[in-house]
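S.K.: Build the full structure now, drawing on both the sequences and the hints.
Those sequence lines, one after another, are chains A and B.
Just so it is clear: in the first sequence, position 374 is 374 by the UniProt record's numbering, and no numbers are missing.
Just so it is clear: in the second sequence, position 187 is 187 by the UniProt record's numbering, and no numbers are missing.
It is possible that part of the hints are untrue.
Stated by the list, open to error - Below, computed lysine to aspartate or glutamate pairings styled on EDC-like, alpha-carbon distance capped at 16 Å:
no.: 1; chain 1: B; residue 1: K581; chain 2: A; residue 2: D52
no.: 2; chain 1: A; residue 1: K291; chain 2: A; residue 2: D52
no.: 3; chain 1: B; residue 1: K291; chain 2: B; residue 2: D180
no.: 4; chain 1: A; residue 1: K291; chain 2: A; residue 2: D17
no.: 5; chain 1: B; residue 1: K581; chain 2: B; residue 2: D493
no.: 6; chain 1: A; residue 1: K581; chain 2: B; residue 2: D17
no.: 7; chain 1: B; residue 1: K291; chain 2: B; residue 2: D17
no.: 8; chain 1: B; residue 1: K581; chain 2: A; residue 2: D50
no.: 9; chain 1: A; residue 1: K291; chain 2: A; residue 2: E129
no.: 10; chain 1: A; residue 1: K294; chain 2: A; residue 2: E354
no.: 11; chain 1: A; residue 1: K294; chain 2: A; residue 2: D17
no.: 12; chain 1: A; residue 1: K581; chain 2: B; residue 2: D282
Said to hold, decoys possible - Okay, the calculated bits of chain B under chain A, using three or more residues with CB under 8 Å as the criterion:
no.: 13; stretch: 128 to 140
no.: 14; stretch: 148 to 156
no.: 15; stretch: 211 to 219
no.: 16; stretch: 270 to 284
no.: 17; stretch: 480 to 490
These are computed hints drawn from the structure, not numbers from a lab.
Note that the Cβ used here is the ideal one computed from N, Cα and C, for glycine as well.
Protein chains: 2
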Amino acid sequence: MVGVSDRKQFRDLVDPDVAHDAIESLDLAPDAETVPLAEARGRVLAERIDADLDVPGFDRASMDGYAVRGRDTFGADEVDPVTLDLVGSVHAGTEPDVEVGEGEAAEISTGAVMPDGADAVVMVERTEEVGEAVAVRTAVAPGDNVMLAGTDVAAGARALGPGTGLTPREIGLLSALGIDEVPVRGRPTVGIVSTGDELVRPGEELRSERGEIYDVNSYTIAAGVEEAGGEAELYPHAGDDYEQMERLLVEAAEECDLVLSSGSTSASAVDVIYRVIEERGDLLLHGVAVKPGKPMLVGELEDSAYVGLPGYPVSALTIFRTFVAPAIREAAGLPESQIATVRGRMAVRERYAEGRLRLMPVGLLADEAGETLVYPVDKGSGATTSLVEADGVVAVDPDTEYLDEGEAVDVQLFSPDVRAPTLLAVGEDDPALSRLLDRLENPRFLPVGSREGLRRLGGGVPDVAVVAGPVERDVDSVDLGGWTREWGLVVPDGNPAEVGGLADLVDRDLAFHNRGRDAGVRASLDAAIEELAAERGVSRAELADAIRGYEIGSKGFESPARAVARGDADAGLGLRATAEKLGLGFVSLGTESVGIRANPDRTEKPGVEELSEALETAGEDGLFASLAGYEASSLSSER
Amino acid sequence: MVGVSDRKQFRDLVDPDVAHDAIESLDLAPDAETVPLAEARGRVLAERIDADLDVPGFDRASMDGYAVRGRDTFGADEVDPVTLDLVGSVHAGTEPDVEVGEGEAAEISTGAVMPDGADAVVMVERTEEVGEAVAVRTAVAPGDNVMLAGTDVAAGARALGPGTGLTPREIGLLSALGIDEVPVRGRPTVGIVSTGDELVRPGEELRSERGEIYDVNSYTIAAGVEEAGGEAELYPHAGDDYEQMERLLVEAAEECDLVLSSGSTSASAVDVIYRVIEERGDLLLHGVAVKPGKPMLVGELEDSAYVGLPGYPVSALTIFRTFVAPAIREAAGLPESQIATVRGRMAVRERYAEGRLRLMPVGLLADEAGETLVYPVDKGSGATTSLVEADGVVAVDPDTEYLDEGEAVDVQLFSPDVRAPTLLAVGEDDPALSRLLDRLENPRFLPVGSREGLRRLGGGVPDVAVVAGPVERDVDSVDLGGWTREWGLVVPDGNPAEVGGLADLVDRDLAFHNRGRDAGVRASLDAAIEELAAERGVSRAELADAIRGYEIGSKGFESPARAVARGDADAGLGLRATAEKLGLGFVSLGTESVGIRANPDRTEKPGVEELSEALETAGEDGLFASLAGYEASSLSSER
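M.R.: In C-alpha cells:
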C-alpha cells in the first residue's frame, strides 16, 4: 500500500494572494473564434465591429402616404389643399418604377425606397385620393418622413467595441449590419481529471462493498467551468498509479487550456500528481494558507495551466469559485456577475483563530424583514449534502478572531443562480413533510431529527423545526399545527418471523434496525420500552440491552425498513407509510404526533406563512389521508 | 397594392393587464423531459428527487490511520500507549480482506470501507508502527473518525424539490446520488415568423435599390427567447400574401409552443396575420393601450399560442421583454433574474401625457458618485442603433404627466447581462476616437456630430462631447485634450478630374458629397467657403449654391468617401485618413482640431478619468501617428 504513512507534508504555505497571482500568470485564453450569429448570445466580441454598410441602405419612407417634392406642398392646409397627379406606387421591398416630377405624387408604404424626384412623404391621414390625383392637406419640408440612407448607422462607424458582451440587443445590431459570422473570444477548454480508485461515474453500477462512491467533484466542477464561460472536458478517473496519472494529465494538458485535478482526498494520489507536475511541467506553488484548500497545487504542464483542487466537494467548489473561476472568466472575457456576491448579517457568532484565511461555507436565509442572514455550514465534514446547504463562502481574514452575531459579511455565492431559500426548516424527516415542501416556492429542509431540530430552533437560526414523538419541546416557539403518523416495526412482507410487538424484540433473538437518538420515532420507541419495563418491573436499560441492534441507530427514516428489505434485519423501526411504500409488513406500536414549530421571530416571514397555509390546505385536500397511517391533526395551541 | 389605405384601425385598445392575463392564459409549457447530467446546468427540476441510496453506501474511514475496536483503545494516551497487532490494510476503492478482532488493528486510508469488527479509526498522527504491531497513543470511542453509511444522505430522504434550478452544487448532489439522467422542465419552443417582403437574412446579399433591409427582429427576439429559457426556431420570411402567411404560421404553430410574428412595420402584413389568426385560430385581443405596441395581437393558432410583436426593433424587444419573456420563463420554470431590474434617477425631466401606458426606452449611465442615471432614448425613431443605446425600459403610467429630473425610476433591463456603459460620449465621429474607445472598459459613443454633441453636453446628460473644427464651444465644460486631423476633398484614386481645391467645386461642374451640418468637418468646410467668398467679394451662400451637392449632407464620416469610391460623386468631404483607408485620392484643405470636452460634474468619474489617461497614453504610444494626417495635440487649457 502506498502513501498512507509517507505522504507529503505541505510546510511552506504561500499567501492566498500569491496563489491568485500564480493562477493569473497562467495563460488560459484560447484563440478567438468565429461563431454563427444565432449562437453568439452570451459570447464576447473579440474585436471591434465597424459598420460596413449604411442602415438603411437607401432613402426610406418612414410613413405610409405619398412621396412628393416638398416644395410642391408649400402653402397646403386643411382649408386649401394642393392637388398632385398620382403617377404610381412604391411598395416596401420593391424597386421604384416611377419618378416623381413637379406637381406629382406616388403612393408609398412605410419602408419603401423613395422614388427619384421625391424628397418628402405626406402621411396618408392628411390626404385624400380623388380619381387619378391626391389632395394634400398639409405642407411638408424636404426630408420630412424620410429616413436618409445611413441615418441609423453610417458605413464606417464604430458599431460595437472589443470585449462587448453579446445580449439580444447587440445581436440585433449585428443583424442590421448583415453580419452572420461573429468574431468572439474563445472559451477556455478545461480538462477535469478525477483521482481516486474508489470513484464511479453517475449512471454506472456502484459496488459499495468495495468502498466505491459516485464522483461528485467532476460534474460539480464541470458545471462551474461552463458557468464561468469555459468548456469542460471530463477525463477518465485516475488512481494513484504514476504511469496512468502521467498519461492522463499529459493527454488533458495537450487538449486543454487548463487542467484541474479533483476528486479523491487520497494523499497518495496528490503525491503522485505532485511528482507528475514536477517532472513533466513546472510546479509554481504547493500549499496555500487557506482553509480549506491547503494542499492546492498550481503549475504548468506541457503548454497548459494546472490547478489541483481539494477532495471534499464543498472544499473543491470553494477553491474553484475563489481561485479558478475568476481566471476562466478573465480568459473568456466575461465580467463576474453582479449577483455573484450578496451582503448579509451573521445569524450567529462564529469563532475562528487559525492564523490563515478561512473560506467559510455559509447558508443564507431571510429574517422577517427580508434581510439576509448568514450562518456557517459544513465545518469540514466533507458531506456532499453541504453542497445544497451552503449557498456560498465568506472569506474570513487570518487575523479575525470571531465574527459577531449581526456583523455584516459579504457572501460569494457558489453561482449567480443560487437562490436563497424562502424557508429554512430543520428536524424530523417525514414523507408527508416531503410532499408539503413540494408545494412551497424554494424551501430548504435539513433532516437532522426532532431533538437536534429543536436544539437548532432554540439557537435562533432556522425558521421552523419539525418535531415528532414524545420529545421535550421546551424551546420558545409557535405551534403551526401538524399531523399524526402510525409508527411501529417494519418487517418482511407477510411477517414470516411472526413478530407480534415490542416484547418479541426483547424476548426473541431477532435482528433489529433502530433509528438514531435524534429521531422522534426513536423517542416513541424508548417511551414504549419504558412502559414495558415498568410493566415487567425491570429497568429500561435492561430491556434495551436485550434488543439486538438497539444501539445501531440510522439517520435516515427509511434506513431500517430498507435493511429489512435487504434481509439485513428482521425488524426495523419505522412508519406504516414506509412499510407500504416498500411493500413490507408492519406491526403497529402506536401513533405519534408530528408538529411544526416556528421561530417566534419569524412567524410573519412570507415563507413561514406560506408553509402555514400549505399545512392548512394539505389538511383539507387529503395530502395526509393519502399516506397509510397518517391523519391531519387539529391545531393544538394558539397561532 | 394592398393595404396602404384600407389597413385595419385598432380602436378598442385593451388595458395592458388584460394583455398580460391573455398571454398568461395561453399554455406554453411543454412536457417535462430527461437530460443527461452533464447538460442539466441551468435547467429546472420537473419533479422531486428522493435519494435512492445511502451516501456513503458503507461505513467509511474519514481519516488515514488504523481501524480498531474502540474499546481496545480505552485508557491509551501519549505516556501509556496501547499496542495492537497489525492484521492488514484497507485502501479506498477496495473490498476489505481483513477482519479486526480484539486487540487487532488494520491500516486504513481515508474513504476506505471499515473492515468487519472495527468500529473506530485512530488517526495516523497518534500512532507508531512497531514491526507487525501499532502503538496507539490516544483513546477513540466507537464511531470516532468513521462516517456511517447514510450519514451524508440517507436513502429515502427528499434530496431536491420540484422547481429547483440546477446550479453546480445541485449537479454535485445529483452526482452523489448516481443520477445521470435528470427529469427537467421542458423548454418552450418558440417559432419566429418575420413578416415583410423587404427583409433579408444576415449573410445574404442585400439589394438596397429594391429597399431591402436586413432582418433585425428575428435574431434579436430569438436571442431573447433563448435568454428567457425557450428554444427559438426561425421560419422563412413571409410577405403579405395570405396563402403563404397562413402556411407559415400554421406550420410554426404545429411545431412550436408559441409563435411570434415580427419584422415588418407593414400594416398590410399585420392585416393578413389578423385574418389568419381569426380564421385558423382564436384571436384573444388586438390592440393594447401601450406605447409602443398598440397593434399587438394575442391569440391561439392550432394548439399553439400566438403573439404579434411591433415592427421597430426597440419596440419589438420592449413588448417581448414586457409581455412575452415572462410567459416563456414561467413555462420553463425559471424565475426572473434579480438583476433584470435596476433603480436609477431621471437625468432629465421628461414630459408625457398620452393617456396610455408608455414603455419608455432608456439609457443608463453613472454620475460621479456611481449612482445610476436614466435618460430616454429613441422617441419612436425606429432606429436599430437605439438597440444599443437603450439599456431597458421604464414603464410610465397613463396618468403620469411628467417624470421630474432626479425622480427615482425602475428600469427593466433588456437583458440581465446588459451592462451600463462606464462612459457616455457623444459628438464627432473620428477614426482615432474609435481606436481610443477600443482601449476603454465599456464605453458608449453616439456619433451625433460636434454641434449636436455640444448641445447634449450642455443638457447635462453625457459625460463628454467630442468636438471637431471651428464649432462654437460656448458650453460649460472641461477640456481633456485632443488631436488634430487633416481634412479636405476625397477624390478617386489618382484624382482623374484633377481637382485642385475648393475653387474647383465652385467653378466646375463636379458632383460633390457633403457632410451634415452637425459635423465639425462641415464647419471647417463652411469656414473655408466663407474665406473664399471674402477673397472673391461674394456671399458665402452664392458659393455654396454653386457647389453641386452642397445641400446633401451625410451623417456618416466615411459616407462622402464611399460615394466617391462607388462613382456616385467626383469629390467628397472627408479626412486624409479615410481616403488612405479606402484607397482613394485626397486634396488637402487644412487641419482641424478634435477635442474632448467633459461635463464639469463628471470629471472625477472613473470612466472619464480612464478616457483622460487613455488619451494621454495614445499621445505617447503612436495611436494618432499611425493614422494619415493625424497628430496628438498638447492640452490647450487647464484640466
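S.K.: Hint by hint, note whether the structure agrees.
M.R.: Against the structure, the hints:
| no. | hint | in the structure |
| --- | --- | --- |
| 1 | B:K581 x A:D52 | holds, 13 Å |
| 2 | A:K291 x A:D52 | violated, 54 Å |
| 3 | B:K291 x B:D180 | violated, 48 Å |
| 4 | A:K291 x A:D17 | holds, 14 Å |
| 5 | B:K581 x B:D493 | holds, 12 Å |
| 6 | A:K581 x B:D17 | violated, 46 Å |
| 7 | B:K291 x B:D17 | holds, 14 Å |
| 8 | B:K581 x A:D50 | holds, 13 Å |
| 9 | A:K291 x A:E129 | violated, 83 Å |
| 10 | A:K294 x A:E354 | holds, 13 Å |
| 11 | A:K294 x A:D17 | holds, 14 Å |
| 12 | A:K581 x B:D282 | violated, 46 Å |
| 13 | 128 to 140 | violated (count 1) |
| 14 | 148 to 156 | holds (count 9) |
| 15 | 211 to 219 | holds (count 9) |
| 16 | 270 to 284 | violated (count 0) |
| 17 | 480 to 490 | violated (count 0) |
In the structure shown, a violation is registered for the earlier hints numbered 2, 3, 6, 9, 12, 13, 16, 17, in ascending order.
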